[in-house]
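Please work from the sequences and hints to get the whole structure.
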Amino acid sequence: MSEMRRESPEGRGSGLEALLRAQRAAAFEPGFAWRVMHRLRAGHADPRAALMAAVQRYFARLAPLAALATVVFAVLNARAADRGQSLVDAVLGLPAVTAEQAYSTLDAPAEAPPAPEGKG
Amino acid sequence: MPADAPDHELMQRARGGDERAFRELVERYEPAVAGVVVAMLGPGDDADDVGQETFIRFYRALGSFRGEASLKTYLRRIAMNLSLNALKRRRRFALRFLSRDRAREPLPEPPVVIDGEVDRREAQAKVRAAIDRLGPRHRPVVVLRMIDGCSTRETAEILGLPEGTVLSRLSRAMRQLEDELRPYVETGGSLNDVEARG
Numbered sequence: 772m773s774e775m776r777r778e779s780p781e782g783r784g785s786g787l788e789a790l791l792r793a794q795r796a797a798a799f800e801p802g803f804a805w806r807v808m809h810r811l812r813a814g815h816a817d818p819r820a821a822l823m824a825a826v827q828r829y830f831a832r833l834a835p836l837a838a839l840a841t842v843v844f845a846v847l848n849a850r851a852a853d854r855g856q857s858l859v860d861a862v863l864g865l866p867a868v869t870a871e872q873a874y875s876t877l878d879a880p881a882e883a884p885p886a887p888e889g890k891g
Numbered sequence: 076m077p078a079d080a081p082d083h084e085l086m087q088r089a090r091g092g093d094e095r096a097f098r099e100l101v102e103r104y105e106p107a108v109a110g111v112v113v114a115m116l117g118p119g120d121d122a123d124d125v126g127q128e129t130f131i132r133f134y135r136a137l138g139s140f141r142g143e144a145s146l147k148t149y150l151r152r153i154a155m156n157l158s159l160n161a162l163k164r165r166r167r168f169a170l171r172f173l174s175r176d177r178a179r180e181p182l183p184e185p186p187v188v189i190d191g192e193v194d195r196r197e198a199q200a201k202v203r204a205a206i207d208r209l210g211p212r213h214r215p216v217v218v219l220r221m222i223d224g225c226s227t228r229e230t231a232e233i234l235g236l237p238e239g240t241v242l243s244r245l246s247r248a249m250r251q252l253e254d255e256l257r258p259y260v261e262t263g264g265s266l267n268d269v270e271a272r273g
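Just so you know, the sequences run in chain order A and B. If you use our numbering, the first sequence corresponds to residues 772 to 891, in order. If you use our numbering, the second sequence corresponds to residues 76 to 273, in order.
A portion of the hints provided could be inaccurate.
Facing chain B, according to a computed beta carbon distance under 8 Å, are these residues of chain A, among others [what the hints assert, rightly or not]:
no. : residue
1   : Glu788
2   : Gln794
3   : Ala796
4   : Ala797
5   : Ala798
6   : Phe799
7   : Ala804
8   : Leu858
Here are some of the chain A residues that sit facing chain B, going by a computed Cβ distance under 10 Å [to be verified]:
no. : residue
9   : Gly786
10  : Leu787
11  : Leu791
12  : Arg795
13  : Phe803
14  : Leu811
15  : Arg812
16  : Met823
Don't read these hints as lab results, they were simulated from the structure. Every residue gets a Cβ at the ideal spot worked out from N, C-alpha and C, and that includes glycine.
Encoded structure:
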């Protein structure tokens with residue numbers, strides 16, 4: 772308080788000054804320093820660190836799901852290779868097409884266009 | 076670590092990652108920050124949050140603090156700016172979500188007098204309400220100069236205003252407070268702590 776100097780502002784009555792001074796708070800609720808340090812440790816001090824921490828939290832939640840999805844697709848692909856038809860094709864009811872069949876359609880002669888109707 | 080280590084030594088250690096040194100600074104300057112924030116916003120979670128944010132900002136600025144102003148003045152300036160931002164948020168919220176009827180001023184009532192003395196809690200609540208009614212230009216001046224006990228020069232330095240402006244704003248604010256708190260000011264010399272009497 773040594774550097775604070777109280778000057779009588781504009782000669783106001785001491786009653787009002789006393790009422791105002793009674794509003795002064797000397798401290799926050801108990802444990803204030805602990806709360807500040809807790810926030811600092813939680814990464815609030817550095818916005819970049821806070822962003823990285825948030826990304827890592829979301830990644831940690833998504834990583835097991837992504838790993839599970841990878842395993843499921845790998846198994847389905849392996850089974851589809853045995854059957855000769857992918858799971859999606861089977862679900863949609865599409866016929867299995869081999870490479871030989873695909874090339875044979877390319878070699879087939881093109882169909883002749885329909886003959887124009889007579890003018891009568 | 077000695078309890079009376081100078082600020083610059085504690086800041087040096089805090090820059091190097093010494094948590095205990097920074098905690099010591101927080102404990103040392105909590106009263107200075109609380110004096111500003113609680114007087115600006117009133118006691119409660121809002122004030123506590125702004126107080127914490129003040130020290131978080133200080134921590135981030137540890138590397139760039141050059142000591143041109145005293146640490147107490149520097150922290151009070153951060154606290155004041157954050158308090159003013161919090162008040163703006165409050166006003167926006169009040170304008171959007173509160174009915175105009177609720178914002179209407181209550182009719183003035185005479186103070187409760189017991190044995191010729193005013194109930195301290197009631198008087199403090201009225202003073203708080205009167206401070207809350209001060210505009211954003213006048214409230215910081217009253218808080219720093221009259222409640223926190225800063226000199227006119229310190230108040231001007233914290234607010235970045237000329238001393239003359241501080242004095243004129245203070246004069247106008249004090250007139251308003253005097254008008255609103257007249258019944259309490261007249262009996263102000265004999266405030267009675269009803270709580271203490273039980």
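Practice prompt. Run the structure past the numbered hints and jot down the numbers of the failing ones, going up.
Written response: 8, 16
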